[in-house]
Every structure is written in C-alpha cells, then in structure tokens.
Amino acid sequence: MSAHSNYRELFDTAKRGGAKDWLPHLKIAAIEQFEAVGFPTTRDEDWHFTSVTPIAERTFRPARSSGTTLTAEDIARFTYGQEDWHLLVFVNGRYEPALSSFATLDAEVQVMTFGEALKEAPELLAERLGTLAPAQQAFTALNTAFMADGVVIHVPKGVALEAPIHILYVTDAQASGASLHPRTLVIAERSAQATLIETFTTLGGGAYFTNHVAEVVVGDNARVDHYKVQREGAEAFHVGTTQATQGRDSIYHAFTFTTGAQLSRTNVYSKLLGTNAEVRLNGLYSLEEAQHADNQTFVEHIAPACSSREVYKGILDGSSHGVFNGKVYVDPQAQQTDGKQTNHTLLIGDAARVDTKPQLEIFADDVKCTHGATVGRLDELAQFYMKSRGIGAERTRALLTYAFAAEVLELIELEPLKLALEGLLFERFIPPEPV
Amino acid sequence: MLKIENLTANVGEKAILKGISLSVNPGEVHAIMGPNGSGKSTLAQVIAGHPGYEVTGGTVTYDGQDLLEMDAEVRAQQGIFLAFQYPVEIPGVSNAYFLRAAYNEIRKARGEEEVDPMEFLDIMAKKLKVVEMDEAMLQRSVNAGFSGGEKKRNEILQMAVLEPKLAVLDETDSGLDIDALRIVAEGVNKLKRPDNATIVVTHYQRLLNYIVPDFVHVLAQGRIVRSGGKELALELEEKGYDWLLEPAGASA
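Residue numbers (the working numbering), protein chains in the order written: chain A, 1 to 435; chain U, 1 to 252.
Read the hints as simulated data drawn from the structure, not as lab findings.
Glycine included, C-beta positions come from ideal geometry on N, C-alpha and C.
Where hints are given, some of them may not hold.
Ranges between beta-carbon positions, derived for each pair [as the list claims (entries may be wrong)]:
hint: 1; chain 1: A; residue 1: E235; chain 2: U; residue 2: R193; range: 57 to 65 angstroms
hint: 2; chain 1: U; residue 1: D177; chain 2: A; residue 2: I430; range: 33 to 41 angstroms
hint: 3; chain 1: A; residue 1: E73; chain 2: U; residue 2: R182; range: 55 to 63 angstroms
hint: 4; chain 1: A; residue 1: D379; chain 2: U; residue 2: K14; range: 18 to 26 angstroms
hint: 5; chain 1: U; residue 1: L121; chain 2: A; residue 2: Q82; range: 22 to 30 angstroms
hint: 6; chain 1: U; residue 1: K126; chain 2: A; residue 2: L105; range: 49 to 57 angstroms
hint: 7; chain 1: A; residue 1: Q82; chain 2: U; residue 2: T56; range: 53 to 61 angstroms
hint: 8; chain 1: U; residue 1: D71; chain 2: A; residue 2: D366; range: 48 to 56 angstroms
Put together the whole structure using the sequences plus the hints.
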C-alpha cells in the first residue's frame, strides 16, 4: 500500500465532528488533492535536489492530543528571555494554554487558536483559510487535510501590535513517529503592523514530522515581520510553506533560520499584488553531519514598482547538503520591478555539498533584477589577518565561520531575537574560553 | 632583535625579493622606502608570515630563533606586529571581541593570565586615547565600513593593545589626510620604548617628519640599494628615486 493511501485511511478514520460545514469540506478536498498529486519526487523540477523518500516511505500518524508534562521551566530556554512577548505554546501539536501567556492585547486585535476562531470569528476563518497557500502542492494539501489546530492573528486597520507574537511549537518523546500539521493565518489589515516569530523545536522528540503552513495577508500599507526559527530535533523532518500576499505600499520581511531536522524543506513565497510593495526574504542555514536543508523562495511581482530583496547564507559542515532555489517571476504588468537575490554558501565539511539555483522569469521590459551566488571556503586574507594578531588557526576558522553567519543575522530587525540567534551560533562555532 | 640575511621570496614564479639583508636592534626605528613595486610591502608581509609568499632563500632570525619556521600566529605571539596597508574587514566580529581574543592569545603565550571582558574594557579605555578613538568603535565589526583613516587608526589601536616588540608599519600613511597622519604617527611614537623596534615601510617622506627614523633603507627591484640616516629620506624627497635606480639596474 502506498504512503498516500495510508494517509487517506488515517483521514477517513479521523473524527471531524463539531466544525461548521465548510471546514470538513476544505479538508476532504485537500486529501483528494493530496491523493491526486502524491509526494513529490526528484523528477519534479521544484524538488530536483531534495528527495522526500525518507518522509514518503513511512506513515507518520497525526499526533494524538494528550496532556503534556512539560513545564514553563522546560520551555523557558526557547522564549528568548522575552516575557513581554505574546507567547502561544503548542506541545506535540496541541495548544497549551497553561504554558502560553499574553501581554495585554489591544482590544481589537484577535489572536486565537482555530478552536477559538471557529467560535469567535468563523466568517473570517472560512473566508481566508486555505485561500493563499498553494493547495496543489502535496505538503500543503496534507497540512490542510490533517491540521488539528493553529493560530489566527487578525490585526485590524491602522493598529500596530506592539509586542511580537511568538508561536512556539515544541515536541517531546510522545511525538516520535507522529506527524504535526500546524497552521498559521495572519491577516494584517490596511496600515496594520505585526511581528510574528514561529519557533520549531523539541525536547527529545525523535523522528517526528512537522508539516507547517502559514498564510499571511499583508494589507495596503501594512507591515508584517515574520521570523521562522527551525531547530527541530536531529532525527526530525520538517516541511514548511509560508505564503504571503501583499497590498499596495506594504512591507513583508521574512527571515528563516535553520539548524534543525535531518531533512527539511522551507518555502517562503510572496505575491506582490499592490504597487510599491516591498518584500525581504532572508535566511541562514547552518548544517552539520548528514543534514539536508532545502530553502525555496518565490517572489511573484504582479504589480509594478515593487522591490524584492533576498539574502540567504549557508554554512555546510560534515557531509551536509544545502539547497537554495530562488524563484522570481515578473509579470508583464510589473514594470519598474527592482529585484535582487544573493546566496552565499560556506563549505566547511570536505563532503558537504550545495546546490544553488536562481530562477528568473521576467516578462516586463523595464525591470532591474539581479542575482548572485557564491560558494567558497574561508577567505585566506582574513585568516592571515587574524593569525597575524596572534589568534590560532582553529579559533581563526571558528571566528570567521561565525562572522560569515552573523553578517546575515544583521538583517534581523528584532533585536532580542538577533542577539539570541547570534548567541546560538556563537556557541555552535566558537570553542568556549578557558576559565 | 631581527636579522635578515640574503632573503629571497617569490609570488608564484615571480621573484620579488632578490637578496635582502637587514639588522634591527631594540630601540631602533628603520624606514624602508622605495618606489612602487620595489618589494617593500612584500618584505613586510614576509616578516609577518603571509602564506601567499614563498621564501626561496636566505634566513631571518628573530630573538635568536628561526622566524621562517614559525606560523603567522606564533610570530604574533612572539611579539611581531604588522600594521596592514589594507586592513581586512571582518563583518560579524566586533572589534572588542577580536582585540580581546588577540590580547589573550598573546598573554597566554607570555605565560600571563587571560583577562575577562570587564577587565579588558578598562584596558581599552586607556588604549583608545592613544589613537583618539571613540569607545563606540569597539562595538563595530572589525574594520567593516570604516573609513580609510579609521582603518589605519584601528591598526595602531591593535598595536597599542598587543604591545609588540617589533612593529612593521606597511604604508600606514597611504590614504591619510594630515590630521589622521598626525594621530597615527603620534600613536606610534607614544608606543615607542627602548626595548622595542619599529620598521616603517613608506613611499613618501612625509610620515618620517612625525616618526623620525634612525636608519633609512631604499629598496628597489627587490634589493636594498642604499642605506643611510634620516637625511637620506630628505634627499629622496628632493631628488625622487630615479638617481638610485640606475646603478641597481646596471648591477642586475
């Protein structure tokens, strides 16, 4: 029996009572879509360098919701020391109100779990959910079919959410062998502002599979900063797709930080629908041993006079494999498009490998689109400079590796997060000082 | 302190240094002058251990040890410092961290205890004054986005922190306006001690108005073609290098 028919069977045995009619409908359409397309293979152009066989060959049953034994103390290490952020914690895919905390929210701002949204804002959910993310993609379809819970953030017109919202997805040993399908829906209305951090991590989760989808509506003149920190367990699998749409004069900044999972694929897509919108898609992947991480971006310049900027950097140690595929589409109407994309990879491990593939499809004539990729080893001159100050060869390499990564973290505008991620990389690359 | 004998060095197949001999004693300031392409910067880099140059002959003895056998970091730990002509930008590493890492490596090599970040800040407060630099420079990435003058001052700041026995200044005056030149030169003078020595590599005489050399050597086509006192620099300023080049060419 093939893997996707297993998922059909799991789908059929699940209870879907209680929801309004549209939701089971959406889910049934999704499982049918998933069955029709099946898991992608390396024959698919979008998956040429990433084989999902390790995911497809087994069946991850949807995680069961049973109470967690994790305490606030257990998860404190994942909250970046920020007590004034809004925090929503999901353990093994289940929302844990006892571990979550909200600073005072502006009365008009809605931050809800799906369960709450079905009661409090069913029209909003029905109208928006599933309308952005590319449903034809197998993993998105699988997420829609199996999503158990998720977060809806609705920021009304002209409201700037002061404190960032942090959604923390953590697994523990109970998640081993299970799949999690978290879902996020963000709607920033005209001139609204919000900052969202999504962290994926584990406390002894084993070989679980996270399949995440986020949909982000950035209204006219609105701004959303969206950070994704993927620190899944070493045996875990992670597939994530973020799809944004942007109105006129809007700003969407996404940063994807990847150090986790044995196999991961992270898609960040934005569709520029209104003129003069700005999108920034940045990321860092730092891999070791036999890890594989694939980052795909897709910017669709539909409206004129929009700008897109992408900087992705990778550090590949051991026999790890990094993939970057940056797609840019410029519609015939999207004149005065200004696009720039770069991907720099540092190969540390002798058996490490990178595949980087920019893909530009430009159908307008008055555009400025550039891309550049470098793959290399540490700069000889910089090494000599540091050694000429007495710093040993090993520490020189460590510092320069850290520096290579830290440079892209400078693009993170949320200072506490930047410092926390710098700290993580520092520990990762710099040998501790003798005390 | 430093004894160079008949040193030859290549970049790839090309011979750059063709037999240099030079002795430097504690307390001395030597100026190495010469036209572009004469090999002055190569000599400076070879002393510091740049891996891009291949030493093909001759010896370099430093404090009785074979300098050429030492890795660049060991040379630095033994007290050699090169102020780079083109200081390298290292985005992502703060000046403070970089300096402390270097300072501690050198202390370790001297058998002294390492200092923690707080102690180091106290030390830095004094050193910053030597080059009239603001404390804010410490939090910036090493040389990243620094102006030409800031980079050169940062080199001298490093020198002030690391307290080398033998400092080699490679075209430290290039690209500096007169104020920056004065600050850099005064910094170097403040760091001068009877037990350390300085080699100043420069194309122009003007730096030597501030850092007064005991000896001036003219390098041309990979050889020292003339040595003299500080008055030689003034003569070069007046006459240029041409009058020295021909005899060197003729003897080649």
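_Violating hint indices (sorted, rising)_ = none
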